[in-house]
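Take a look at the letters that make up each chain.
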Amino acid sequence: MCGIVGIYLKSKKFEKDLGKLLSGMLVNMESRGPDSAGFAIYKKEKKEEFKYSICINNLVFEKFKKDISKKIKYNSILKNSDHAILSSKENPNKVLSILNEIKEISLVGYGRSIEIFKQIGNPKDVVKKFNLEKFSGTHAIGHTRMATESAITTDGSHPYSTGSDECLVHNGSLSNHNNLRRDLIKRRINFKSENDTEVAAGYISNHLSNKKNLKETLESALSDLDGFYTFITGTKKGFAIVRDEIACKPAVISETKDYVAIASEFQAMAHLPGVNIANIFEPQPGIVYSWGN
Amino acid sequence: MKLDLKKLKLRKINETLQSIDPKKNNKNYTIFNPEGNHAICVGLTDDIDITVKGHVGYYCGGMNQNANITVEGNAGTGVAENMMSGKIHVKGNASQSAGATAHGGFLIIDGDASSRCGISMKGIDIVVKGSVGHMSAFMAQSGNLIVCGNAGEALGDSLYETDIYIRGKVKSLGADCIEKKMDNKHLKKLEKLLKKAKLEKLKTKDFKRYGSARKLYNFKIDNVSSY
Chain W
52 MCGIVGIYLK SKKFEKDLGK LLSGMLVNME SRGPDSAGFA IYKKEKKEEF KYSICINNLV
112 FEKFKKDISK KIKYNSILKN SDHAILSSKE NPNKVLSILN EIKEISLVGY GRSIEIFKQI
172 GNPKDVVKKF NLEKFSGTHA IGHTRMATES AITTDGSHPY STGSDECLVH NGSLSNHNNL
232 RRDLIKRRIN FKSENDTEVA AGYISNHLSN KKNLKETLES ALSDLDGFYT FITGTKKGFA
292 IVRDEIACKP AVISETKDYV AIASEFQAMA HLPGVNIANI FEPQPGIVYS WGN
Chain A
378 MKLDLKKLKL RKINETLQSI DPKKNNKNYT IFNPEGNHAI CVGLTDDIDI TVKGHVGYYC
438 GGMNQNANIT VEGNAGTGVA ENMMSGKIHV KGNASQSAGA TAHGGFLIID GDASSRCGIS
498 MKGIDIVVKG SVGHMSAFMA QSGNLIVCGN AGEALGDSLY ETDIYIRGKV KSLGADCIEK
558 KMDNKHLKKL EKLLKKAKLE KLKTKDFKRY GSARKLYNFK IDNVSSY
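So the protein lines, in turn, are chains W and A.
Just so we're aligned, residue 52 is where the first sequence starts under this note's numbering, counting upward by one.
Just so we're aligned, residue 378 is where the second sequence starts under this note's numbering, counting upward by one.
Honestly, the hints are just simulated from the structure, not real lab data.
Possibly wrong hints are sitting among the right ones.
[Stated by the list, open to error] Some chain A residues well away from chain W (every beta-carbon gap over 10 Å; in silico):
#: 1; residue: 395
#: 2; residue: 401
#: 3; residue: 413
#: 4; residue: 447
#: 5; residue: 535
#: 6; residue: 568
#: 7; residue: 580
#: 8; residue: 592
[What the hints assert, rightly or not] No farther apart than 20 Å at their CA atoms in a straight line, the calculated lysine to aspartate or glutamate pairs in the EDC-like style are these:
#: 9; chain 1: A; residue 1: 580; chain 2: A; residue 2: 599
#: 10; chain 1: A; residue 1: 386; chain 2: W; residue 2: 81
#: 11; chain 1: A; residue 1: 404; chain 2: A; residue 2: 424
#: 12; chain 1: A; residue 1: 468; chain 2: W; residue 2: 306
[Said to hold, decoys possible] A few chain W residues facing chain A, derived, Cβ under 10 Å:
#: 13; residue: 81
#: 14; residue: 85
#: 15; residue: 86
#: 16; residue: 138
#: 17; residue: 317
#: 18; residue: 318
#: 19; residue: 320
#: 20; residue: 324
#: 21; residue: 327
#: 22; residue: 333
#: 23; residue: 342
Just so it is clear, CB atoms sit at the ideal spot from N, CA and C, and this is done for glycine as well.
Same shape as in the complex, but just chain A (with noise of 0.2 Å):
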């Protein structure tokens, strides 16, 4: 089913998006002239692929459950924001802070990601073909981060139990951020994970493992007189 945003208001087709019934709605959407509008295809709780045609702006797909999302294009500030379950892939670049917050699902993205991507995920698996900026991995709580390219600064600040897995080079390490050994374990899970991106030719050994050192988020005794 064609969706033009020419034609039809955002919030019309969002809402058609968000109430499909499965045993009578088609479940292949395609939607047109996107033109850089904010809060394409958020909300949406149900198995169906939708295409977008184009660049979308900021947080496209946020709330994410169970949807299979492509943008033939440039995504904005906050894609998948959120994401609950299903599957973003941007075929472009996206801009800051991509996969912000994100309990499960995947995200792909085939260009860069700009600064602060994962920023405090919690869950979510996100695979960048390129690079990503500063600040990526903020405060991340859970899930994977896979980089083929390079990290910009402050990689993995104040990070939790995110486990971030960088091919190139990493600029700097954020707070609590470390280079952690790459056991059997680490590279199945790599493994799989690079497969389901299509990544397969990819070797694992060329990646390098960083986690949280967890010297900062236990509150310590010692520094009591600090508070």
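One chain only, chain W, in its complex shape (with noise of 0.2 Å):
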């Protein structure tokens, strides 16, 4: 099962609103995915400047922000129930192989706008204890799981996020998922978990660091990833969704002036501003539709 949910925000009008439009697309969707919750939101970036969306687990956070400004130089750290996003103008690349390094912690996401937080639990306890409601942004994307082929971890949670500003939800399992990984792993992607959809977006960043597009990217996908899916994936200016061409994991998508909004049924939309009105569809099998870039 699983359920799968985003929003993307056409005009600056519902932006304070994001994170608690999320909220209720996320809880409306619990009965798909009980078993965890995430989501990614992307914000206004801030010149220079890259973010690091990090899960410290049981580490006590003032022990870890002292322990870390001795690593890194940062210019904010802030925490955020188990999770913490620490700004820098330091070179990624730096960052990141520090952030590897540290055992206890686990690196969720990183980039310019993006901002990760994935938890273990009901997906009402997750967003409460997050304090989605709260947040504001562009686009955001999220994901109730319903574990089948791995363990209820937070790394088998979702969203995954392979590159910067990327990330990715799924719905489905995909049946080629170890030979992809072999392959993708001698290209340089690392992974973290035993997951298939870490697989699936450690193609999407492959491809995307080789110049194509989103589009082009998940079209792509659809000849080279094999099993059930709909995914929806995010970049810093795009969002996009496609199904495999069975199709036997659902999708609806409204869209108004305002938003394009994509669960994986109508129920974690039905609270959206002016979903009556809205023009709602289902994306039609092996067809990529994309919004932004």
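Using the supplied hints, reconstruct the complex from the two chains, each of which is provided in its own coordinate frame.
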């Protein structure tokens, strides 16, 4: 099962309410995924600054902050439950290699505008824990997980991010992920889990880094990824959805002049403003729908 | 009688609609705020009229007998699944597997129906004013599927005895599904069903009929070595 949701704002009208809108979408998808939940939210970027979304697990925040300040020169580090957002102007490759060496933490995403929060537990509790309702931003993607092929852990939760400002949520299962993972490791993509979706995220990162745009990347994914899937993927300025050709995994899109919302089921978007006059349709199998770039 | 899903639990609403005393109870019901909830109006057995004001989730009107249900919005997966009799009218689009395994009754969809419309249908009549997605009428056994728009890939795959009438283009036919001659008997049946769906102005001659080549579902002694 699993529930996937996403919202992309076409106007500035709802930027302040983005977290609130997404929160309702995630809570309404609890029935499809009660094991864990997560979300990626894109905010306005600050000049030269990179943000690192870190799950500090059982570490005490103050101690982590003290330790990290010895290793990385940062502008700010903000605690949000068991996650922290570290902002720094230092070279991202340097920061990433330092963070990846700290075994007690999980780096869940990084980029100029993306912030990712994900944790095990009921979606209702997860959105409350991270205070999602207070977030503002331009677009966001979320996931509620019913675990099937790997354990219920933070690393097994979605969204997955394997490149700067990239994220992916998935409803379905892939059957050729082991082969693909081996191939991508050779291409220097790093993986943290045994999860199939992480491989799809790595595949997308690899294609985007080869200067393909989001739409072209997902079109090539249709022939290279084998299995059942509805994917929603986000980049700094874009947002896209694709379903495999068999299209067993559901998806519905609502579009108004102010936003595009995507969800596994309509009930996830029943609370959105103006949804009753929105253009509501199901994305066709094997066709990439994208907004922004 | 007004039933509001924001005030009443779905189970309470379904229980009310499932236990109608035709002598005492009202025969007209309106459901407000469906908000994509699943299993609205399932298992009804009485001749009552229900209007749902908005979009419904999965399996709306499932197992229906006798009731006349109108959905003023879109329907999720499996609308009218396993319907026995009665009528369901979806004024918007329907998601996949509309009318799945239904034995009887009448399903009208004003918009499009996505994949697997009429999968394994067993006697229902389905009229889709728009188009249907891939694998529609898969393993369909009896009844009629009428599509005023186009049909997606693999129409009527592994078909038994359902008659399929398509007005637009068919992307591809599934295994054992072929175009068949439209004789007077079929034209009359199609005319009757179009009239029932208030589509009298459509010309029956614009439709093409598809059915089973009957080569797949009989055991052939020549194939015995394959088993």
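key: Hints not upheld, ascending by number   = 3, 9, 13, 14, 15, 16, 20, 23
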